[in-house]
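> Below, each chain spelled out in residue letters.
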Amino acid sequence: MPERKIRVLIAKPGLDGHDRGAKIIARALRDAGMEVIYTGLRQTPEMIASAAEQEDVDVIGLSILSGAHNTLGPHLMDLLRAKGMEDVTVLLGGIIPEADIPGLKKAGIAEIFLPGASTQDIVAFVRDHARKHE
Amino acid sequence: MSQPDKAAAAPRPSSPERAPRFTTVSGHSIRRLYTPADLAHWDAARELGNPGEPPYTRGIHPTMYRGRLWTMRQFAGFGTAEDTNARFRYLLSQGQTGLSVAFDLPTLMGYDSDHALARGEVGKCGVAVSSLADMEVLFDQIPLGRVTTSMTINSPAAVIWAMYLAVAEKQGADWQTLSGTLQNDILKEYIAQKEYIYPPEPSLRLVIDTFEFGARHTPKFNPISISGYHIREAGSTAVQELAFTLRDAIEYVERGIRRGLAVDEFAPALSFFFNAHNDFFEEIAKYRAARRIWYHTMRERFGARNPRSWAMRFHAQTAGCSLTAQQPYNNVVRTAVQALAAVMGGTQSLHTNSLDEAWALPTEFAATLALRTQQIIAHESGVTHTADPLGGSYFVESLTNEVESGARQYIEKIDAMGGMVAAIERSYPQREIAEASYRYQQAVERKEKIIVGVNDYASQEKPIEVLRIDESVARRQQERLRKLHAERSGDEVRRRLRTLAHAAEGAENLMPHLYDAVKAYATLGEICDALRGVFGVYTEVAIT
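Residue numbers (the working numbering), protein chains in the order written: chain A, 1 to 134; chain B, 1 to 544.
By construction, these hints were calculated from the structure, which means they are not laboratory data.
Where is the CB? At the ideal position from N, CA and C, for every residue including glycine.
Please note that the accuracy of each hint is not assured.
What the hints assert, rightly or not - Label pairs and their calculated CB-CB ranges:
#: 1; chain 1: B; residue 1: 21; chain 2: A; residue 2: 3; range: 34 to 44 Å
#: 2; chain 1: B; residue 1: 543; chain 2: A; residue 2: 53; range: 17 to 27 Å
#: 3; chain 1: B; residue 1: 460; chain 2: A; residue 2: 110; range: 18 to 28 Å
#: 4; chain 1: B; residue 1: 439; chain 2: A; residue 2: 53; range: 28 to 38 Å
#: 5; chain 1: A; residue 1: 87; chain 2: B; residue 2: 486; range: 47 to 57 Å
#: 6; chain 1: A; residue 1: 46; chain 2: B; residue 2: 470; range: 20 to 30 Å
#: 7; chain 1: B; residue 1: 329; chain 2: A; residue 2: 127; range: 46 to 56 Å
#: 8; chain 1: B; residue 1: 220; chain 2: A; residue 2: 55; range: 50 to 60 Å
#: 9; chain 1: B; residue 1: 145; chain 2: A; residue 2: 55; range: 53 to 63 Å
#: 10; chain 1: A; residue 1: 124; chain 2: B; residue 2: 534; range: 42 to 52 Å
With the rest of the complex left out, here is chain A (with noise of 0.2 Å):
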């Protein structure tokens, strides 16, 4: 049986319309024969996890620019945590202070990728991390 591709959910949370690394790791991804979702913009923590859900996916990249990650990334992981859905990775990516970091992981966010990261790290962390399926 062929293997399951990895399924990854690209979302833009927040009023931000910056999408241009969020298009770039959606590109990256599939080109590294992932199997990506991208949400669009304007998506509330609420849409974010149901997608997640109802894409199955094994991991979220959030794309944040604004400044909110703060408030919207420990959201979204409550929520996930409400939906028991521990197992997804989350990945954030942004202008995001380095004193915010650890406070974001404690949250549950898996790794936070700042400006200048390379796709080829983004990807061999995605595949390192995606959830194992039974």
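Given the coordinates of chain A, assemble chain B onto it according to the supplied hints.
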């Protein structure tokens, strides 16, 4: 175009070169040497002229910076109106010569600070302005009759402008002499930055309403700053930035004329905004080509007769997307090079980015250093002593010609599609930009393009101090809105919102109705909701 005669004109290389091909940051090929052969069919009188004369390749003023330096206009805004008012007054005290307001995302999207979608965003990437009451605080003790203000606001631009005009009136400033700029460029929002509310047609109507209102009441105010900046930040090439911006401008001019305005009635108030990216000569060529294309477009395509309609005035900002989180002090150097390109390209005003902006909004220290960068270029470098110092360079003139021809091809292609709205609906510019952005990212990952401190010369470093936005901002804003709702006349607000919605259903100019609504302290969110009710909202087809 690399003809054999040009290759013959250049001496043969005596040693091997570092790379098989040399390209600009946009991927444009650069030859080893430029010689008179590259300009064989080029007529200096026709292509250059003198500064201050058609086709304005060399700049729009005869004396350029010998007459007056560019306006040093640092974009600032964060937290509440009080916080930003204090930063403005500090910047003016440090020798800044114009103001530039950054609004937060809820404001940019037409939501009040207490809206559910504003959660986590209030005061974060700009100042929160939900009503005239906030605008009054924002410009407290800043004389709008003397200071020029640029406001980076697009979809709700007409509403924010109405608030600004109300504050000016309250201060006793004369609208006829009031000077400043609204960004108000909705087309590039659909193309690149994506801060749109309504569909293109009603959005364009609002833009033309500001042109018409401005032509009558505020002749010194620029109702629009047609922007390539965000197109470039979204990953476009220099040629795409120029072409899409100029094609947007053509769209606005066509619609102004369709409204019944004479081209020379509103074209002198059109202003532009370009990126100042890393590739020094490509950027200079871009600004020079921009002025030349605009001159020909206004004169030949639109029959403009007033020289002020022909001369392109622009603001420049250094490239935010070029800043690195790694080794952030390197950003001071990048910004200096980019700013120098904008100055040598003849900009009218300039914003220099701060070293810490790949981490957060700038600290006061970083913002001051960015301003000092401009002051050093202005007063110490000597590049201001003569107009268009690179004019006549074989390389710069060749590159200017190539950028111009690349941009003209795009403009013709979009003309053939039926204009920019039609092109946007087909996702044409969006797709071109996404392609360019992905190509560049791949070039960086293959190390064909080196970014110092990122994909080469990397090192471990200590974190820098960054600006923290006080989490109490949202609470203070919500408190202020509660107070506003209690103090204003709810009946009056509802009456004026109904009148506005009714007018929106027809075809009349909405500026007077917006002005009435803001004067009664209707909030930004209420006004935008009234218009959402009539115009609907836009959602894009997301392409990846």
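> None of the hints should be skipped; say for each whether it holds.
So, going through the hints one by one against the coordinates:
no., hint, verdict
1, B:21 x A:3: 34 to 44 Å, "39 Å, holds"
2, B:543 x A:53: 17 to 27 Å, "25 Å, holds"
3, B:460 x A:110: 18 to 28 Å, "23 Å, holds"
4, B:439 x A:53: 28 to 38 Å, "35 Å, holds"
5, A:87 x B:486: 47 to 57 Å, "49 Å, holds"
6, A:46 x B:470: 20 to 30 Å, "27 Å, holds"
7, B:329 x A:127: 46 to 56 Å, "34 Å, violated"
8, B:220 x A:55: 50 to 60 Å, "54 Å, holds"
9, B:145 x A:55: 53 to 63 Å, "56 Å, holds"
10, A:124 x B:534: 42 to 52 Å, "50 Å, holds"
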